[in-house]
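**Q** All chains should be built: construct the whole structure from the sequences, respecting the hints.
As they're listed, the protein sequences go chains Z and A. Be aware that the first sequence starts at 719, since it is given in this note's numbering, and climbs by one per residue. Be aware that the second sequence starts at 719, since it is given in this note's numbering, and climbs by one per residue.
FYI, nobody ran anything at the bench for these hints, they're computed from the structure. Just so you know, not all the hints are guaranteed correct.
The list treats identical chains as interchangeable, and a pair is accepted whether it falls inside one copy or across any two copies.
[To be verified] Here are the computed lysine-lysine pairs in the DSS-like style, where the Cα-Cα straight-line distance is at most 25 Å:
#, residue 1, residue 2
1, Lys908, Lys961
2, Lys825, Lys1029
3, Lys843, Lys855
4, Lys806, Lys1011
5, Lys806, Lys1012
6, Lys1003, Lys913
7, Lys955, Lys935
8, Lys829, Lys787
Here's the letter readout for the chains.
2 protein chains.
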Amino acid sequence: MITKHDIEQAHERIRPHVHRTPVQTSHSINDIAGCSIYFKCENLQNVGAFKARGAMNAAMQIPADQRSKGIATHSSGNHAQAIARAAKILGIPAYIVMPNNAPLIKKEGVKGYGGQIFECEPNLKARETTLAEVIAKTGATEIHPFNNYHVMTGQATAAKELFEEVNDLDYIMAPVGGGGLLSGTLLAAKYFNPKTKVIAGEPAGADDAFRSLQSGKIELSQSNTIADGLLTTLGDKTFPIIKENVDRVITVTDAEIVEAMRLIWERMKMIIEPSCAVPFAGLLKEKPAFAGKKVGIILSGGNVDLEKALKLFIK
Amino acid sequence: MITKHDIEQAHERIRPHVHRTPVQTSHSINDIAGCSIYFKCENLQNVGAFKARGAMNAAMQIPADQRSKGIATHSSGNHAQAIARAAKILGIPAYIVMPNNAPLIKKEGVKGYGGQIFECEPNLKARETTLAEVIAKTGATEIHPFNNYHVMTGQATAAKELFEEVNDLDYIMAPVGGGGLLSGTLLAAKYFNPKTKVIAGEPAGADDAFRSLQSGKIELSQSNTIADGLLTTLGDKTFPIIKENVDRVITVTDAEIVEAMRLIWERMKMIIEPSCAVPFAGLLKEKPAFAGKKVGIILSGGNVDLEKALKLFIK
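**A** This is the structure we're talking about:
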């Protein structure tokens, strides 16, 4: 089990290699939302996403002799860049399996950090098979995007930093895909601010976490949403933590995601990707539940093709 | 003359009413630029621009009995919102004269703060005439967008904050339009970090500051650039400070502005308006001069129509 001390140690470990991202507020957003929101800006993190934290923490914990053979993963995007960057910092190779429909900006990001890309069909089976081949050939260590305790512990440091700046939050919100950020956030709340309730945002078109909590077992994800970072299914390491600790999951439509995304772009002057807008969309959808409260929202990432985003905004 | 103490007092005065904006860095931007850049993110300031500082400082210095009659200005954009916001905070009326071609987002911003808009033709004479009429009718106090010592003093607080976080900058850069931010930045450097040289960025299509420094007198501005925040001509209060203290002015084309703007959007996940990209464009244009140096850049604002901005990016 991940302990409070693990999170504190992870924070010290990755501190030289990741940004302490700013916490931003906006009067106009607060007026619209009817509550006080503190945005933890992981879209301004290295590689444009919180994933820099977990990848760095996990890579640094591989023993040195094994580490030199490199690290490998399959990822649709932000985790891929985070692994490539961690490898660059540690001076080791990175092997990244990516679906052939991954956004161009994310592929370019991986190449920019010197990562080697292996493309495959956009389904979980093809990703896993290709990754197994790459690892057999190279001897690299796999770092899973979320179902890895070191990764989850690294992601927990984002919420830890937010609590260090705002210690009386009623709620903290994070998006849920595979559950790495959400489980990290849940553990950070449990250890550092137990009074703060954790609420997840999830796309209605990939609502496996919502359904898993109802059925009590891991349900498979569909993939019918623009939130391309949240298509994955929960893992056996993330689900138990989520099940035990999360207050609830709010699901939102793609139209609600675009509206929330646009508000952050226009009012806060920050670029966020669709997946990142999901918790704020959930808050807006259920405004009365948050009326007058202090709410932390982890803005997870900002990697989006600008042209694609433009098309979302033009009605 | 504005003193060091004036800037310190202004900073204390406005502190409860403006953000202390983050200073952001980016490895990939530094790789591209060949130097270490510290971006002071005034695009993340209230009203999305540094103008919140000067307007607040000036409004707070009007004697209470006079202040209740309101404040007035003419502005193409960000200063207008800043005045409307300052008035709202102080509970007094704001009267804003705006050119009828001002971006919609800026007009909506003014209305959102309860400011009253008076539209006029997009030229200086029409703006001044309309403003004089409004003031005659209301008794409001004019707060000029830049040619006002209290405004200039307020703008100086952005550079002051940057120096507080990074005290060994070789250069600090700011855009120049009317010269409010630039003269504030020059005075902040002079008083708080005299070793730091100040360089201005200016659009080639509105290069009146560049020409004024050559001729030794205030030259009129043309208006042939997408940088709509930098169309104004220097004032008799800003020009002497600029003339005495600025290291130099780098002029850039609109294509160079768009390229620099795109880099900030994509690599730093922040929305900046064309005017805001001008100093960074100047740095990229003259990279060898900055090689290996530590450079502060004040990101002045992020108020831009998304559709318009995104069209600039589509080649």
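**Q** Take the hints in turn and mark each one as holding or not.
**A** Status of each hint after checking the structure:
no., hint, in the structure
1, Lys908 - Lys961, "within (13 Å within a copy, 58 Å between copies)"
2, Lys825 - Lys1029, "both (21 Å within a copy, 23 Å between copies)"
3, Lys843 - Lys855, "within (19 Å within a copy, 74 Å between copies)"
4, Lys806 - Lys1011, "between (42 Å within a copy, 23 Å between copies)"
5, Lys806 - Lys1012, "between (39 Å within a copy, 23 Å between copies)"
6, Lys1003 - Lys913, "within (23 Å within a copy, 52 Å between copies)"
7, Lys955 - Lys935, "within (12 Å within a copy, 70 Å between copies)"
8, Lys829 - Lys787, "within (19 Å within a copy, 60 Å between copies)"
Comparing the model with each earlier hint shows no violations; every hint is respected.
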